[in-house]
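Residue numbers (my numbering), protein chains in the order written: chain X, 1 to 147; chain S, 1 to 143.
None of these hints come from the bench; they were simulated from the model. Fair warning: there could be bad hints in the mix.
In silico EDC-like cross-links for lysine to aspartate or glutamate, where the CA-CA straight-line distance does not exceed 16 Å [said to hold, decoys possible]:
(1) S:Lys141 to S:Glu87
(2) X:Lys56 to S:Glu122
(3) S:Lys101 to X:Glu95
(4) X:Lys144 to X:Glu95
(5) S:Lys129 to S:Glu23
(6) S:Lys8 to S:Asp76
Spelled out, the chains give:
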Amino acid sequence: MVEWTDFERQTIADIFGKIDYETVGAAALSRCLIVYPWTQRYFGNFGNLYNASAIKINPMIAKHGTTIVHGLDRAWKNLDNIKDAYTELSILHSETIHVDPDNFRLFSDCLTITLAAQMGAEFNADVQAVVQKFLTVVVNALGKQYH
Amino acid sequence: MSLTDKDKDTVRLFWAKVAGNTEAVGTNALYRMLTVYPQTKTYFAHWKDLGRGSANIRKHGKTIVNGIGAAVAKIDDLQKGLLTLSELHAFQLRVDPTNFKILNHCLLVVLAITFPAEFTPEAHVAVDKFLAAVALALSEKYR
Chain X
1 MVEWTDFERQ TIADIFGKID YETVGAAALS RCLIVYPWTQ RYFGNFGNLY NASAIKINPM
61 IAKHGTTIVH GLDRAWKNLD NIKDAYTELS ILHSETIHVD PDNFRLFSDC LTITLAAQMG
121 AEFNADVQAV VQKFLTVVVN ALGKQYH
Chain S
1 MSLTDKDKDT VRLFWAKVAG NTEAVGTNAL YRMLTVYPQT KTYFAHWKDL GRGSANIRKH
61 GKTIVNGIGA AVAKIDDLQK GLLTLSELHA FQLRVDPTNF KILNHCLLVV LAITFPAEFT
121 PEAHVAVDKF LAAVALALSE KYR
C-alpha cells in the first residue's frame, strides 16, 4: 500500500477540487496526440486528427480527454487502495482496448505539463513531486492486470 | 525522430524567449529535478546546500540552460557541436543518460509555467524532439 503524507493528500484534493475537467482533459489529450503522434493509433474512429489544428478543435477528443481525467477520480478518492480501484480499468485497457502501457506514462507527462501551464507558479517543485508520485501510482495500477 | 527544418525554426524562435531568462529557468528546472526525482541528488553529494535558492543550484542551472542555448546555435549538427560536452559527460561526469530525459521533462514543465501562452503543443513537440536530440548527442561518447 502506498503511504501518503497529509501534504500529499491535501495537495491532490486541492488540485482535483479546483481544475476544470473539460479544459484540462481536452488540453492534455490533444497535447499528447500532437507531441506523441503515435498515440493516435488508438483513435482511428475519432474523426479528423490530420494536424495539430484539427486535433485541437476535435470535439470527440475533447470529450474523451474529459473522460480520461475523470478516470483519475477513482484514484484520488481511494488513495489508500488505488491498486484495487483500477483492476477493472486495467483489464479494459489490456484486453479490450489493447493499449501499450507506456502510453499511460506519455499521457501523464502531458497532463503534468497541462496542469503546470494552468496553475503557473503554484505548481511548484513540491506540488510537482506530489503529482508525479500520484500519477506514477495510477500508471502502475493501470498496468497491473496486463499479462 | 530527427529534426525537420520546421522543428529547427520553431526551436530557434521559442528559445529566443528563453534567452533572457536563463538563470530563472535553469534554477527552477534543476531544483525541480532534485525534488521530484530525488535519485538525481546522488550526482550532487558534493554540494552542501541543495535547498531552494542555493547558490550552487542557481549557478549550475544557468550553466545548463546556457549550454542548451549554445546547442540551439549548433542545431544543424548536434553531434559535432556537442562533442566536447559529450566527452565531459561520458568520461568525467558519467551521468546515467536516463537522467537527461528526467531533466528534459523538468525543463518542459518550467517552460509551460514560464510561457503558458507560447508553449503550445506545436512548440512542445519541437522542443521535446530537440532536447531528445541534445540528450542523444550528449550520450554519443559513452560507449
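Hints, verified against the model:
1. With a C-alpha separation of about 6 Å, the suggested pairing of Lys141 of chain S with Glu87 of chain S holds against the 16 Å cut-off.
2. Of the pairs offered as hints, the one joining Lys56 of chain X and Glu122 of chain S holds, with about 11 Å between alpha carbons and a cut-off of 16 Å not exceeded.
3. Proximity of Lys101 of chain S to Glu95 of chain X is assessed by CA-CA distance (about 30 Å); at most 16 Å being required, the pair is judged violated.
4. With a CA separation close to 12 Å, the supplied pair Lys144 of chain X and Glu95 of chain X stays within the 16 Å bound.
5. With a C-alpha separation of about 23 Å, the suggested pairing of Lys129 of chain S with Glu23 of chain S is violated against the 16 Å cut-off.
6. In summary, the hint linking Lys8 of chain S to Asp76 of chain S is supported, as the alpha carbons are separated by about 8 Å, within the 16 Å threshold.
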